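As given, the protein sequences belong to chains A and B, one line each in that order. Take the first sequence: its position 205, counted from the start at 1, is 205 in the numbering used here, and no numbers get skipped. Take the second sequence: its position 221, counted from the start at 1, is 221 in the numbering used here, and no numbers get skipped.
Keep in mind that the hints were calculated from the coordinates and are not lab data. Do not rely on the hints blindly, as some may be mistaken.
To give an idea of the chain B side of the interface with chain A (calculated C-beta under 7 Å), a few residues [unchecked claim]:
1) Glu-11
2) Pro-209
3) Tyr-210
Computed from a predicted structure; not experimentally measured. Beta carbons: idealized from backbone N, C-alpha and C, even for Gly.
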Amino acid sequence: MIYLDNAATTRICEAAMERARELFTENYYNPSAKYGGGFAVSAMIKKARGSLLAQIADPSKFELIFTSGGTEGDNQAVFCGARRGNAVTTEGEHAAVYASFTELKNRGVEPRFVPVRRDGGVDAQAIAERVDEKTSFVSVIHVNNETGAINDVAAIARAVKAKNPRVIFHADGVQAFGKIPVRLTSDIDLYTVSAHKIGGAKGTGALVKRKGLTLPPLLFGGGQEGGLRSGTENPFGIVAFSAAAEEWFSRPSEDAARIAACREALFSALDKTLFRRISPEGGSPYILSVSAVGMRGEVLQRMLWDRGVVVGTGSACSSKHRFSRVILACGYPKDVADGVLRLSFSRDSTREEALQAARACNEAASEFSERV
Amino acid sequence: MEKVVIIRYAEIHLKGKNRGYFERAFSMNLEKSLKGIRHELHRTSGRYLVEKFDEARTEEILTRVSRVFGVYSYSLGYLTESAMDAVFAAAKRVAPASGTFKVETHRGYKQYPLNSMQISAEIGGRLLSENPALSVDVHAPSATVYIDVRESNRTLVFGSFERGPGGMPVGTSGKGLLLISGGIDSPVAGHMMAKRGMNVELLHFHSYPYTNEGAREKVMTLAGILSDYTGTKTVSVVSVTRIQEEIHAKCAEELNVTLLRRFMFRIAEAIARKKGAQCLITGESLGQVASQTIEGMTSSNAVVTLPVLRPLVGFDKDEIIERAKKIGTYETSVLPYEDCCTVFLPEFPAIKPKLSYVEEEERKLDVQSLVEEAVAGKEEVSF
């Protein structure tokens, strides 16, 4: 099987699995317990926290709150950050931010959606234009999960803060962390990451927060995570996350170039009479979105599954809707949106796999157009 | 005194010499519906009693009983000895805490020393003197205490009648094969035939990869809800992908749906015969969509000899929806998964297809082998 749906989720890596197993069977104590076992688990979480944070930002300026995943991190950022006036985001956001912004209306905050470019990205200027003195919160996706377009969140955050320094700036980094270089600047207040996109377990993520920023919790209770996220910690998920990240970052940075080459090899081998490219060339090397115009991506996806090639369509989280909201926001018509396939790579993807996948895509699409 | 569920049955009393047959089927269905819950089911004259059950699961038992066809009404009450003190103890539990009430007695056991009026007066009097917040109103009471003296030492005491689904015990009116899609109508059609005692088998068509597993799961969920009423625990699943592709490639586009339905009916008939079903059941309602015109129905009927029952044929959509909500299938039916037709759906389907034209177009296809191939690929999915 060739698995090219790594932007949806990845297989857990061996190192993470090993650590998780240990925490399931041996060190299963509640990290809040005041006996040896509890302290031991608590220490493991502390170590994982430090190690993960160091990969993303300067630990002296930022702190890290473990969450149940990307959606929770995004929700906490939006609902705890956008508390008055208006809030600005893009039309290219993942549903976790987009739907939360839609809900803001019911909570007395005016949501503002900035249109995206054809590639799904957004310019700093376009965001800053919608920010005014009443803006309390801005959220911009770092890597667009459907097209792979990269937003320069550092520049956007700088432009936003120049316009209104009181704004809380959040970036959804779920598809960026581990996939492109990430280093948070002091203009960024909040940053969401998720474990299962880089070989960790589902159900674990983190919200990175600038120190000094006062943020209310989303979940109240026993006061875990410094009171910012109550609920018994998920030690196996957390330790596995850190183990997965350590393995991920221990690999050479040339990997990105190799993956980008795989992506381009795949695209070159696609039959251009059947497929057109959606992803920008300068986007995340891990994501290639194409459209089999006039066909139905979901059907192609199943034809490919039957051929042993696993790909995505739009975002898996929103695949209950027929057309991808994000692809339509990029300005594509429905027949393009309907035919979108998202091929997303892992660090282990090879050129050979990419070429095989391209062949399967060509076969499936020509079969589809013959039959339908 | 013991908590019991009292079940009265509908229509079975109309059956003369076949009554035993109907009653056996009814009690078997009741047993089936209560499977997994500790209980004893006993028949007394004209009633069934669920006894010795786990009281924590009382509501679940009532819900399950409320779905068994043939149940006219049911009550939660007490089975006690027939001595006045025992009956009074049960009546106290059933009586309201305050307000108006009356006692209504039925005395099946005619040798009991008191008659119905005397029993009502005695128990009513005792309730009144015990609880000053109560008062009697025999014309429009807000609560009624029912006493039913069944035998010398078995009396039922209860406070209300719940209306059952009525109908006939499933299995007493033959067997039919329901063509079930993921939509709103077909589960309702199956429910209605089961209500008249029909054993309803299920057949679902899919066109993978044009439809997905989500659509199939949805049908399984619907079948699961339906099985609370019908007891059927499997669905026959048949792929019509090849047939749709062939029709699309060779025949007039406007006839896509008409032709597909003829294939579905042929396949359904072949499977019905294998399963011993005596008819096909569909959720069609006259004029609801392009294929459900009288011409469309005629064109489908023309390829089968088994009768096709369409219990919803005269229903409006909102009437069907109302029933689907009552049965509990509506929420699942409206989930957004596509059923068979949409990828190949013509822009302008023929609304009044002429049979001669349909047959002419169909001659372009190898009908028999397509049907045989589809039937051969049938899967039986249990849930």
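Quick rundown of the hints versus the structure:
{"no.": "1", "hint": "Glu-11", "result": "violated (44 Å)"}
{"no.": "2", "hint": "Pro-209", "result": "holds (4 Å)"}
{"no.": "3", "hint": "Tyr-210", "result": "holds (5 Å)"}
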